[in-house]
Amino acid sequence: MKHTISVLVENEFGVLPRVSGLFSGRGFNIESLSVAPTIDPTISRMTIVTSGDERILEQINKQLNKLIDVIKVIDFTGQDYTEREMGLIKVNAEESTRAEVLRIVDIFRAKVVDVTQSSYTVEVTGAPGKIDAVVELLRPMGIKELIRSGPVVLGRGAKGWKTQ
Amino acid sequence: MKKTGSQILLECLRLEGVDTVFGYPGGTVINIYDDLMDSPIKHILNRHEQAAVHAADGYARATGKVGVAIATSGPGATNTVTGIATAYMDSIPMVIITGQVPTPLIGNDAFQEADMIGITRPITKHNYLVRDIKDLARIIKQAFYIARTGRPGPVLVDLPKDIQMATHKFEYPDKVELRGYKPNYSGNSRQIEKAIKMILAARKPVIYVGGGAALSNSNLELKQFAETIQAPLTMTLMGLSSFPNTHPLSLGMLGMHGTYHANMAVTDSDLLIAIGARFDDRVTGKIATFAPHAKIIHIDIDPTSIKKNVRVDLPIVGDLKDVLKKMLEQLAEYDAQVATLRDELAPWRAKIEVWKKEQPLGYKSSKKEIKPQFVIEKLCELSDEDAIITTEVGQHQMWTAQFYDFIQPRTFLTSGGLGTMGYGLPAALGAQAAFPTRQVIDISGDGSFQMNSQELATLVQYRLPVKIAILNNNFLGMVRQWQQLFFNRRYSQTCMELPIDFKKLAEAYGATGLQATTPDEVEAVIKQAFATPGPVIMEFKVCREENVLPMVPAGAGINEMVLAS
Chain G
0 MKHTISVLVE NEFGVLPRVS GLFSGRGFNI ESLSVAPTID PTISRMTIVT
50 SGDERILEQI NKQLNKLIDV IKVIDFTGQD YTEREMGLIK VNAEESTRAE
100 VLRIVDIFRA KVVDVTQSSY TVEVTGAPGK IDAVVELLRP MGIKELIRSG
150 PVVLGRGAKG WKTQ
Chain W
0 MKKTGSQILL ECLRLEGVDT VFGYPGGTVI NIYDDLMDSP IKHILNRHEQ
50 AAVHAADGYA RATGKVGVAI ATSGPGATNT VTGIATAYMD SIPMVIITGQ
100 VPTPLIGNDA FQEADMIGIT RPITKHNYLV RDIKDLARII KQAFYIARTG
150 RPGPVLVDLP KDIQMATHKF EYPDKVELRG YKPNYSGNSR QIEKAIKMIL
200 AARKPVIYVG GGAALSNSNL ELKQFAETIQ APLTMTLMGL SSFPNTHPLS
250 LGMLGMHGTY HANMAVTDSD LLIAIGARFD DRVTGKIATF APHAKIIHID
300 IDPTSIKKNV RVDLPIVGDL KDVLKKMLEQ LAEYDAQVAT LRDELAPWRA
350 KIEVWKKEQP LGYKSSKKEI KPQFVIEKLC ELSDEDAIIT TEVGQHQMWT
400 AQFYDFIQPR TFLTSGGLGT MGYGLPAALG AQAAFPTRQV IDISGDGSFQ
450 MNSQELATLV QYRLPVKIAI LNNNFLGMVR QWQQLFFNRR YSQTCMELPI
500 DFKKLAEAYG ATGLQATTPD EVEAVIKQAF ATPGPVIMEF KVCREENVLP
550 MVPAGAGINE MVLAS
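Top to bottom, those sequences are chains G and W. First residue of the first sequence: 0, per numbering that gives the first Met the number 0; consecutive thereafter. First residue of the second sequence: 0, per numbering that gives the first Met the number 0; consecutive thereafter.
A portion of the hints provided could be inaccurate.
Below, a list of computed lysine-lysine pairs in the BS3-like style, where the Cα atoms sit at most 25 Å apart [claimed, not checked]:
1) G:Lys61 to W:Lys306
2) W:Lys181 to G:Lys61
3) G:Lys71 to W:Lys307
4) W:Lys355 to G:Lys65
5) W:Lys168 to G:Lys65
6) W:Lys174 to G:Lys65
7) G:Lys65 to W:Lys2
8) G:Lys129 to G:Lys143
9) W:Lys2 to G:Lys71
10) W:Lys140 to G:Lys1
11) G:Lys161 to W:Lys181
12) W:Lys181 to G:Lys71
13) G:Lys1 to W:Lys307
14) W:Lys306 to G:Lys71
15) G:Lys61 to W:Lys307
16) W:Lys193 to G:Lys61
17) G:Lys65 to W:Lys306
18) W:Lys320 to G:Lys61
19) W:Lys294 to G:Lys61
Chain G regions said to be covered by chain W (calculated; three or more residues, Cβ under 8 Å) [stated by the list, open to error]:
20) 54-65
21) 82-94
Please keep in mind that the hints were generated in silico from the structure rather than gathered at the bench. In this text, a Cβ means the ideal position worked out from N, Cα and C, and glycines have one as well.
Let's have the full structure, built from the sequences with the hints guiding it.
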């Protein structure tokens with residue numbers, strides 16, 4: 000089962016390999032990982048999508064908490080949260096398909112952010128499923144390049160992470 | 000007044016109460032070594048950086064203090080890796096200082112550069128690269144704090160040469176503030192109350208003790224707990240010496256080479272009280288058949304140990320000393336029920352006694368050949384009660400665990416988790432440096448001994464009178480045993496064909512060498528060794544193809560033992 004975890008860490012030299020090394024060393028799976036500083040510049044926030052049964056998730060949670068540089072671990076499973084991912088898709092835009100690409104962009108409230116005579120680069124933001132859908136619809140046109148940010152999440156409601 | 004980085008480091012060590020460090024100099028720690036000449040801290044020059052780390056580890060295990068080792072960058076630092084991993088697996092508090100190339104050269108593949116932060120990340124509790132002299136004192140303070148608190152472990156501090164030479168005002172912080180590190184010492188009272196209820200309801204309880212008992216110095220509370228409820232108690236390899244093995248409640252060691260009655264008791268038990276143990280595969284054997292009828296209470300300071308390998312019915316996270324004290328307090332409130340419990344457990348204790356009589360630990364004695372188990376029994380009989388025993392890894396280690404009765408805490412130092420051959424001699428050296436007047440004995444095999452035999456030089460130089468008992472069978476005995484049992488006696492590369500003259504080897508280093516080739520010489524050799532000042536090698540030419548039994552074959556349940564008779 001898929002789990003989305005937020006990990007608040009000291010924004011220090013070498014923290015990322017501590018976390019990623021923990022996952023690889025113990026055979027835990029990372030589907031995606033994104034990391035950037037928070038409003039407090041001494042703290043970075045990672046969003047990790049992982050999978051495993053209940054026992055593995057409990058270990059992931061505990062092992063992360065054991066790292067000295069980890070301040071807080073939040074497993075969003077079963078909680079109400081907002082999840083967003085960004086995809087940038089460079090897609091063929093030939094004479095015959097340009098209009099179709101734009102229609103898809105329009106339907107998904109995506110954006111064209113770069114245009115050439117033979118391509119569009121489409122920016123799409125949303126839940127990972129939405130990006131999957133856009134990719135599938137654009138695939139027949141010929142996707143030249145695709146990059147996804149991996150999801151980032153935030154709990155819903157007025158509370159911040161300190162009280163979550 | 001401003002101090003250099005190397006002066007700050009040594010001042011921090013002094014303030015942490017460090018009296019002895021083990022190490023080996025080199026280009027990137029030359030400044031530290033220069034300042035060491037003006038420091039009250041005693042330095043012991045080992046002959047290999049791995050040995051320096053094992054020595055610091057032996058020092059830490061014997062004293063309970065943080066062990067400190069120093070090595071230079073590159074090969075000096077990479078040589079520490081096995082020592083660090085050994086300490087990490089057994090949760091030993093240590094601080095390892097490695098030199099590093101100057102900060103502007105880091106990442107340039109400079110001479111004697113190795114990425115020690117990367118290399119030791121998975122084998123340290125935490126590690127630091129000091130990148131600014133302003134951080135140095137804080138980092139050393141944190142390193143010691145992290146090493147000795149919570150579940151202890153080794154912490155590495157990588158210190159570039161330019162930071163050692165830079166100057167800064169020295170201020171030692173009085174407090175450590177780490178928002179991501181707050182070990183939980185206090186056991187949850189409600190959980191403890193539930194544990195007491197489970198204990199009072201049990202009819203076949205077994206107490207299962209691991210290395211945590213020694214680390215938390217809770218041997219007295221443990222003894223009181225076992226005696227209060229009169230429950231049988233078994234120990235892991237790491238748990239040995241935390242409870243007197245001569246005590247009527249002791250079942251000895253459990254697991255792969257555990258006693259028959261310990262393994263049978265665990266398999267039949269209805270309540271397993273795990274105390275500072277981590278359900279290692281050498282203890283559990285096949286998980287599916289491990290303690291199948293038992294509810295499990297697991298007390299540990301490290302939440303990751305709980306439910307890692309086995310299901311747990313009642314977890315209690317906390318310091319063992321605190322938890323055991325609280326349990327004893329609560330048990331005192333149930334006086335009458337505890338008295339009933341003690342009586343109710345009589346049939347259980349009797350059942351275990353039957354198993355013990357059926358299959359006692361033993362071996363076939365011989366008048367012609369020296370049996371290795373006999374040597375261990377004699378060492379136990381003739382040594383002081385507070386003697387510190389270290390071992391290497393292999394058959395001799397298991398025979399020591401089986402046939403040496405440990406009475407006092409922190410008297411058995413062995414590499415349990417990593418299983419490091421070559422650990423025992425330098426660990427004995429470290430223990431002897433901490434306790435110059437106590438008996439320290441390294442029980443070794445001929446294979447393991449040769450992995451760090453250069454430390455004889457260190458022993459002689461510092462007049463550390465470690466006694467070394469080599470059970471010489473000219474085999475890598477444990478691997479040979481597996482080859483005999485599971486590979487049809489095909490002894491691939493386990494016969495150490497070149498006979499070593501250990502007596503001459505001892506003499507070459509200026510130590511004493513003794514040898515016994517028949518059983519009736521054993522006692523005289525041991526007595527002579529104990530009476531001889533300075534380090535002594537006792538070589539026992541033992542029966543070559545003796546096996547460690549009982550043995551649980553890999554993958555079998557612990558009740559499926561290959562027995563001695």
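Hints, one by one, checked against the model:
no. : hint                 : result
1   : G:Lys61 to W:Lys306  : 11 Å, holds
2   : W:Lys181 to G:Lys61  : 13 Å, holds
3   : G:Lys71 to W:Lys307  : 21 Å, holds
4   : W:Lys355 to G:Lys65  : 41 Å, violated
5   : W:Lys168 to G:Lys65  : 33 Å, violated
6   : W:Lys174 to G:Lys65  : 21 Å, holds
7   : G:Lys65 to W:Lys2    : 35 Å, violated
8   : G:Lys129 to G:Lys143 : 19 Å, holds
9   : W:Lys2 to G:Lys71    : 37 Å, violated
10  : W:Lys140 to G:Lys1   : 40 Å, violated
11  : G:Lys161 to W:Lys181 : 16 Å, holds
12  : W:Lys181 to G:Lys71  : 12 Å, holds
13  : G:Lys1 to W:Lys307   : 20 Å, holds
14  : W:Lys306 to G:Lys71  : 21 Å, holds
15  : G:Lys61 to W:Lys307  : 10 Å, holds
16  : W:Lys193 to G:Lys61  : 23 Å, holds
17  : G:Lys65 to W:Lys306  : 15 Å, holds
18  : W:Lys320 to G:Lys61  : 22 Å, holds
19  : W:Lys294 to G:Lys61  : 23 Å, holds
20  : 54-65                : holds (count 7)
21  : 82-94                : violated (count 0)
In this structure, the earlier hints numbered 4, 5, 7, 9, 10, 21 are contradicted, and the remaining ones agree with it.
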